[in-house]
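J.: Sequence:
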Amino acid sequence: MRYYVILFLCLPLLGHAQQEPVFSQFFLQKTIANPGAAGSGGMAVLSAVYRQQWAGLEGAPTTQAVAFDAPVFANRVGLGLTLINDRIGFSNATFVNASYAYRIKFGSGTLGIGMQGSYRYQRTQWAEARTITQRTDPAVGTAISVPLFNVGAGVHYQSQLFFAGASVPYILQKSFTKKYRGIVQEFSGTTPHLLVQAGWIIPVTADVRLRPAFAARTAQNTPPGFDLHLSIGFLENARLWTGATLRWGQSKYATAGDALSLMAQYRIGQRLQAGLACEASINGLQQPAAGTFEMVVEYRFLKGGEEVNHPRFFQ
Numbered sequence: 009m010r011y012y013v014i015l016f017l018c019l020p021l022l023g024h025a026q027q028e029p030v031f032s033q034f035f036l037q038k039t040i041a042n043p044g045a046a047g048s049g050g051m052a053v054l055s056a057v058y059r060q061q062w063a064g065l066e067g068a069p070t071t072q073a074v075a076f077d078a079p080v081f082a083n084r085v086g087l088g089l090t091l092i093n094d095r096i097g098f099s100n101a102t103f104v105n106a107s108y109a110y111r112i113k114f115g116s117g118t119l120g121i122g123m124q125g126s127y128r129y130q131r132t133q134w135a136e137a138r139t140i141t142q143r144t145d146p147a148v149g150t151a152i153s154v155p156l157f158n159v160g161a162g163v164h165y166q167s168q169l170f171f172a173g174a175s176v177p178y179i180l181q182k183s184f185t186k187k188y189r190g191i192v193q194e195f196s197g198t199t200p201h202l203l204v205q206a207g208w209i210i211p212v213t214a215d216v217r218l219r220p221a222f223a224a225r226t227a228q229n230t231p232p233g234f235d236l237h238l239s240i241g242f243l244e245n246a247r248l249w250t251g252a253t254l255r256w257g258q259s260k261y262a263t264a265g266d267a268l269s270l271m272a273q274y275r276i277g278q279r280l281q282a283g284l285a286c287e288a289s290i291n292g293l294q295q296p297a298a299g300t301f302e303m304v305v306e307y308r309f310l311k312g313g314e315e316v317n318h319p320r321f322f323q
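Residue 9 is where the sequence shown starts when you use the working numbering, and the numbers rise one by one after that.
If you're looking for bench data, these hints aren't it; they were derived computationally from the structure. Think of the CB as a built atom: it goes at the ideal place given N, C-alpha and C, for glycine as much as any other residue. One or more hints might be untrue.
The calculated label-pair distances, taken between Cβ atoms and stated as ranges, are [said to hold, decoys possible]:
{"#": "1", "residue 1": "214", "residue 2": "100", "range": "42 to 52 Å"}
{"#": "2", "residue 1": "83", "residue 2": "58", "range": "23 to 33 Å"}
{"#": "3", "residue 1": "254", "residue 2": "211", "range": "31 to 41 Å"}
{"#": "4", "residue 1": "210", "residue 2": "244", "range": "17 to 27 Å"}
Modelling step: build the complete structure from the supplied sequences, incorporating the hints.
T.: Rendered as structure tokens:
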């Protein structure tokens, strides 16, 4: 019971502090965080992500995402569509993001300048809340649904062995309000987040690669957060990758986001890639449940007889 009480009290804080989905394998599905990355894989790519945080704790956060992006018009334009479902406790948010990126050849790579339109549907089922007395507050309806439209922008550069990008996926700062029985209620709003990502591929031998990557995120009145990743790829042109991601926040207090992830990705043939990450908190706080896990599956649409002789290691 105490976990439900803690989760209930943390809902408003979680809604303001972590509106952007955080993924351990952030270097794969980059279009989710940056519209400028649409089409950066050089081919049509369909990816699916499932993330379960604090497995074993009822009402713990879960995130599902499906993303599709492709280059069109002779690789001059990238288009993308992303569906995201975020749930914590009795609150659920669904996002539909459509992205457009104009792609410019720049040095040995391509620079994408992108924008996106976003629709967010927020639904809170107060009737599902477990309280000590199980009584319904007359000031709160049993279910509240609020739609919200937003826009985002980002830039993304990618070459064969390097990528870097910066984005603000949701630029407009808005609040969710609802009037019920004459009382205006304000819920978690949208706060713009600045996201920065970068990664490199370092060839060691013909079949061995190193992949360091970095991510940072910040928002108004929120301590910045960082991800530092390192993995090694081997087996037939780096078909198998294993590594770790360290996540921490710039705060003097321990936070639920401080974690260490161990992960592996395996490329099956030319088209299919799958990844698994297992994450454990490293903040010293008592853990009421098992750790966090994340699964990623990507499929690349190749033309008949087409082969990827030098696959892009970040997608």
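J.: State the violated hints by number, sorted upward, taking the hints as numbered earlier in the document.
T.: As far as the earlier hints go, only 3 is violated by this structure.
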